[in-house]
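Listed here are the chains, written in short residue letters.
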Amino acid sequence: MHTETKDHAELATVFNKDEARVDWHDETLWWIRQKRDKAVNHLPEWELLRETASQIKDNVLSNLAGYLVQFEGNAQKNGIIVHWAADAAEHNNIVLGLLHSKGITKMVKSKSMLTEECHLNEYLENNGIEVIDSDLGERIVQLAKEPPSHIVLPCIHKKKEEIGDLFHLHLGTPAGNADPQFLTETARQHLRETFLTRRAALTGVNFAVAETGEFVVCTNEGNADMGAHLADIHIASMGIEKIIPKRKNLGVFLRLLTRSATGQPITTYSSHFSKPRKGTEIHIIIVDNGRSKQLGREDFRNSLKCIRCGACMNTCPVYRRSGGHSYHNAISGPIGAILAPNLDMEKYADLPFASTLCGSCSNVCPVKIDIHQQLYKWRQVIVQNGYAPAGKKAAMKLMSLTLSSPAAYHMGGKAGRFVMKYAPFAVNNKLNPWYKQRDMPEPPKESFGEWYAKNRKA
Amino acid sequence: MTTREQILDAIRANQPALTALPGVIIPADNIDLQAKFTETLTTIGGKVIKAQGYDDVIAYIKNITNAGHRIISSIAGLAEVISTGEASPLPHSLQDTELAIIKAHFGVAENGAVWITEDQLSQRVLPFICQHLIIILNADDLVANMHQAYEKIGNEHYGYGTFIAGPSKTADIEQSLVLGAHGSRSMTIFLIS
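Protein sequence lines, in the order shown, are assigned to chains H and W. First residue of the first sequence: 1, per my numbering; consecutive thereafter. First residue of the second sequence: 1, per my numbering; consecutive thereafter.
Please keep in mind that the hints were generated in silico from the structure rather than gathered at the bench. Be careful, since some hints might not be right.
FRET-style restraints, in silico, Cβ to Cβ [stated by the list, open to error]: (1) W/T43 x H/F448: 51 to 61 Å; (2) H/E130 x W/I58: 37 to 47 Å; (3) W/E39 x H/E185: 21 to 31 Å; (4) H/G279 x W/I49: 19 to 29 Å; (5) W/K50 x H/E185: 45 to 55 Å; (6) H/Q373 x W/L18: 32 to 42 Å; (7) W/G85 x H/R21: 29 to 39 Å; (8) H/L196 x W/D119: 21 to 31 Å; (9) H/T105 x W/D119: 27 to 37 Å; (10) W/D140 x H/E130: 23 to 33 Å.
Stretch-level coverage of chain H by chain W, calculated; a stretch enters the list once three of its residues show a Cβ under 8 Å from a Cβ in chain W [to be verified]: (11) 51–63; (12) 291–297; (13) 385–391.
Below, simulated SDA-like cross-link-like pairs (lysine to any residue); rule was C-alpha separation at most 25 Å, straight line [unchecked claim]: (14) W/K103 x W/L33; (15) W/K152 x W/S88; (16) H/K248 x W/A139; (17) W/K50 x W/Q175; (18) H/K246 x W/Q175; (19) H/K106 x H/V82; (20) H/K35 x W/Q175; (21) H/K160 x W/G45; (22) H/K248 x W/L179; (23) H/K102 x W/S88; (24) H/K293 x W/A20; (25) W/K103 x W/N155; (26) H/K368 x W/K152; (27) H/K454 x H/A415; (28) H/K393 x H/M411; (29) H/K393 x H/N363; (30) H/K305 x W/P22; (31) H/K305 x W/S74; (32) H/K6 x H/L343; (33) H/K248 x W/N155; (34) H/K248 x W/V143.
The beta-carbon is built from N, C-alpha and C at its ideal position, and this holds for glycine as well.
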């Protein structure tokens, strides 16, 4: 059965209804992009760092199985328990099993895009487990019952007044108070209680070091550490591509990650977990969920180099003006648009088309993923596989007919100029997607062909 | 076939031909490490104080705390200001810590981070759960960048280690920077020479 999937353009239309808000969203993200530039310009070796990081990741992908086995062995030597999950369902099942085995019904979680990808919260809640997200931005979208709209800035789409309203409703703050300092302090008090009473904490993994069996978690808030150091069981979920070969490679990636993400020289906390605390357990779940398949796609495997900094989103003119939720995928923006079709080509067929192909994403990517070229290549794969939207297919067919016949081409041009001149309402209406947020141009009096035929003799 | 074998087989079937792991040769600039470290940490919300020894630190602590404050440190030289009381094996018992004073191995000039390992902490949670954090750092123990930092760490074994750069912070609400998200509200570093 064919089900009509949600479409980036349709969702962006909803986002674009409030023009002032779109401008604000656009400017906020561009400001973060500028902070990134400032930080990057301090380092004369930036391009060398990017190239080195890219090559390290090339090496990782070329020996991924070897590094995973090495990591597993070293982590186990350190007393960490390692699990493997082929897909989201298996990952979620492992987490639930671990909680059940300890008789735990409440868990605190720090940021992990992988658990968003796996829809872990929903699964656990359906199975009687309460999950509280501890990153402030994630807590806010959790209270709003929304997914994060950005991988680094989960509630970048929300105005402080809306956050004030949410806190008033859920945390009992005074109505109308939207002061970020006050709201953050409220969240601090509320979540401190959570940290102190949760026996299980789940974190993501930024980097896992094959050579040592340790893994690194980066936060600015300190929420991953607060959760993990107060819990009896720390579960860390990682995609197979999070591996790096050596500890010293962290020097390269930690220099790139936060400068690219927010323009900070490093996150406040870069914590290296090697062994569990006395009397407690650390479990690592290594998740595939389509990544090994992406590894086999020569044109797209580079997407697995991603270190989730979000720089491609902050710079993308389409992301900035359509919002993260328009991508209807856990990871939005340009990188999400090249990762998602691997998981479900039909469901995410629209995403590679949500781009101007300007290439800004590739220019800022700290690991030099050729994002815009992959977007272009995905379009071809999607059309070849018959997943292009019906409207686009029809339009392209018509275009190809017109462009292959000079008579049809001249006729089409004439008809277009005639209609735009004498019946502009026929194109200046909601049925024409080119009319959205813009007026159609003044039609020229004649085509270049006609002009040339007239003037050639003169 | 187990999931592990299934995943590893799929990866082996799909991974490209082996490429070399690049070396990293990025020379550190010849910079004034103390000045750079101080400048960077100040920019990210931290504070740097130059001191001669523990007497300066003790005087500072007396000045910013009062009798009711719980002050935690395992540094013997600070015994005079450290709160007494029975040590609990539970990290949760540190929840009312006003101030923690911790020694760091070294600092990194390019980002203002200091490297701390588990053996310098009574509990891993200490630098996070305290309201305010003081770090004691030998002024000579500074490196220029993260490559040198990891060179210094080398193959050292630790159960847990962390780089801390400034106070806990968030800008999740409309990008307004707020210090004191979940971890310490302030970070003051004493550079002891």
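Please verify whether W/K103 and W/L33 have alpha carbons no more than 25 Å apart.
holds (19 Å)
For the pair W/T43 and H/F448, does the Cβ-Cβ distance stay inside 51 to 61 Å?
Between W/T43 and H/F448, where Cβ atoms are some 56 Å apart, the hint holds.
Note whether the CB distance of H/E130 and W/I58 lies within 37 to 47 Å or breaks it.
Since H/E130 and W/I58 have Cβ atoms about 45 Å apart, the given range 37 to 47 Å holds.
Decide if the proposed pair is consistent with the structure: H/K368 and W/K152, CA atoms, cutoff 25 Å inclusive.
violated (28 Å)
Within a Cα-Cα threshold of 25 Å, do W/K103 and W/N155 meet the stated pairing?
holds (20 Å)
Do the alpha carbons of H/K393 and H/N363 lie within 25 Å of each other, as the hint requires?
violated (31 Å)
Do the alpha carbons of W/K152 and W/S88 lie within 25 Å of each other, as the hint requires?
violated (33 Å)
Is the listed coverage of the region 51–63 of chain H by chain W valid when you require three or more residues with a beta carbon under 8 Å from a beta carbon of that chain?
holds (count 8)
Does the hinted range 21 to 31 Å hold for W/E39 and H/E185 at CB?
holds (29 Å)
Is it true that the CA of H/K248 sits at most 25 Å from the CA of W/V143?
With Cα atoms ~15 Å apart, H/K248 and W/V143 stay inside 25 Å; holds.
Restraint status (C-alpha distance of H/K248 to W/L179 at most 25 Å)
violated (30 Å)
Run the distance test for H/K248 versus W/N155: straight-line Cα separation, threshold 25 Å.
holds (10 Å)
In terms of the numbered hints stated before, the structure departs from hints 4, 5, 6, 7, 10, 13, 15, 17, 18, 22, 26, 29, 31, listed from lowest to highest.
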